[in-house]
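Protein sequence lines correspond, in order, to chains A and B. Going by this note's numbering, the residue at position 56 of the first sequence is 56; the numbering climbs one at a time, nothing skipped. Going by this note's numbering, the residue at position 229 of the second sequence is 229; the numbering climbs one at a time, nothing skipped.
Simulated from the structure, these hints should not be mistaken for lab results. It is possible that some hints are incorrect.
Partial chain A-side listing against chain B, Cβ under 10 Å, derived [to be verified]:
(1) Leu37
(2) Tyr94
(3) Leu96
Computed footprint of chain B on chain A; a stretch qualifies when at least three of its residues, placed anywhere within it, have a C-beta under 8 Å from a C-beta of chain B [said to hold, decoys possible]:
(4) 42-56
(5) 99-112
(6) 128-141
Just a sample of chain A residues kept apart from chain B, beta carbon distances all over 12 Å, derived [unchecked claim]:
(7) Asp26
(8) Trp27
(9) Asp29
(10) Leu30
(11) Ser35
(12) Thr39
(13) Val65
(14) Val88
(15) Gln121
(16) Asp145
Fair warning: this is a prediction, and the values are worked out from it, not measured in the lab. Backbone N, C-alpha and C define an ideal beta-carbon position, used for all residues, glycine too.
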Amino acid sequence: MCSKFKWFLLPLLAVLLGASEPPARDWSDLTVIGSELGTETFTYSQMAAYLRGNNLRWPNQKQVVLVLPSSDHPGAEKVASAVYGKSVSQVKRYWLAQVFQGRASPPVYKDSNEEILKYVQAHPGAVGVLVSFNGRSELSLELVD
Amino acid sequence: MKAAQLSLVCLALSSAGILSAQRSIQVNAYGHFDYEWSRLEFNAPEENSVGTIVIGEHDLFVTGNINDRLSFLGEVTVTGSGTSSTGFQASIERARLKYNYKGNHSILFGKMHTAINYWNDVYHHGRLFFPTIDRPLNFKFFLPVHATGLRAQGQNLGKLNFGYDLQVANSGASSDVRHSDGLNFSYNASVHIRPKDGMRIMVGYNYDVLPNNTVGMHFHAGDSHSSHNHDFSGEVRMSQLHSSIAYFGNKFEFLNEFAYIQTNTDTLGKANNFTNYTYLGYRLNDKIVPYAMFDFIRMSANELHAKRCQALKYAIGMRWEIDAQVNLKFQLERYGRFEGIDDVAPGIRKYEVKFQLAYVL
């Protein structure tokens, strides 16, 4: 019996050993903004979990609404790489899968920083990611290690 | 059939109308085309070779928020049918309401995919997401794919991203569209953790009673499916212990699904059946994933719910993710005897070459 099952256990062990932690990701060019989330300070890992759709509610129990750069946004690749560790195409498929599973609501996609900012301002519970944003916004969240 | 087609069109039109009024509605259309060529043996006569282009399952998927707490998800498919005059039939595969009452805890009601192992809980009818062309063998025999009932669900709780799915639903004997005699429910309890991105480890238990060994559309595509044992009409009590490990990282992809299924009848007593599916893929780049797959099911001599068989298949293949919304899979597979696993029925010893083009709009 054991000899049969080694064929299933060996690849498993190989994968688990090979499944190393992803490299540290660079958020330096990203500005995360949010509206009425219950707090304005998050750790990077907390915010990454929200942006991956792991949480349905903010600390104040408002529904999480994600506002992400569309594939036409010039910073889409940076967000895909920094937040998800994936390509733009893989992130798009990731969200198709999350929504299809029924475990997360679809993000809202916007083509520019201005559109993301405008949407987040108008929707309590919304969080957005701006790329190479040089302006100032009262909605900016503080991210700490 | 006409009523089903009409409902499909109505759903599409109403969804399109809602789409213009509210931004929170999302409508997608999933579909796939397959080409399959099979041959019983390499040295078999030419007439045993079969090659066919198949119009696969086409799927209208709708999801949206009714309010801040309540959401709806619906999935209607049109697929090939040997009993329909047009060759196709429509089916409501999922229709469920979800009430997110606190944090990541929700109550769901309606028709859902049963949280039995990773594949059925995650991929549903979306061929675009399948890592291989075929579903695991257990789908043909013992897996109650859907259930209509009530479920408590939690997800991403604590550091290990713990999740639970506790479900009471109609028995697999139910058709969901007519009342059946007696009061029969099925029960499913599944828990999982996601210790890191892309990884999920899951275990669970499912129990169901089929009073006359008849099944609705939840088991192996209904009564008409060739894997169902139509010759037995006694009560079947079915327990299913299932576990799965999935890891889909940036390079390695791995999925193992195991199930121990015990069916119990007054005629032959307990039948202990096992099945295991293993997938291993390696992502060469953003688009190309070569993979291997190994799948088997072993049934007891006492098995009465399904037609007894010992099935085995293994395959190599490649997935080309052309775009986020389109992929093409190629698979070369063999059904049949393998050293150490015997009693494979001669009829299923064959080779297959398959292509699948899957997409979403």
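Results of checking the hints against the structure:
no.: 1; hint: Leu37; verdict: 14 Å, violated
no.: 2; hint: Tyr94; verdict: 9 Å, holds
no.: 3; hint: Leu96; verdict: 6 Å, holds
no.: 4; hint: 42-56; verdict: holds (count 5)
no.: 5; hint: 99-112; verdict: holds (count 8)
no.: 6; hint: 128-141; verdict: violated (count 0)
no.: 7; hint: Asp26; verdict: 16 Å, holds
no.: 8; hint: Trp27; verdict: 16 Å, holds
no.: 9; hint: Asp29; verdict: 21 Å, holds
no.: 10; hint: Leu30; verdict: 18 Å, holds
no.: 11; hint: Ser35; verdict: 15 Å, holds
no.: 12; hint: Thr39; verdict: 15 Å, holds
no.: 13; hint: Val65; verdict: 9 Å, violated
no.: 14; hint: Val88; verdict: 8 Å, violated
no.: 15; hint: Gln121; verdict: 16 Å, holds
no.: 16; hint: Asp145; verdict: 17 Å, holds
Hint compliance for this structure: hints 1, 6, 13, 14 are not met, and every other hint is.
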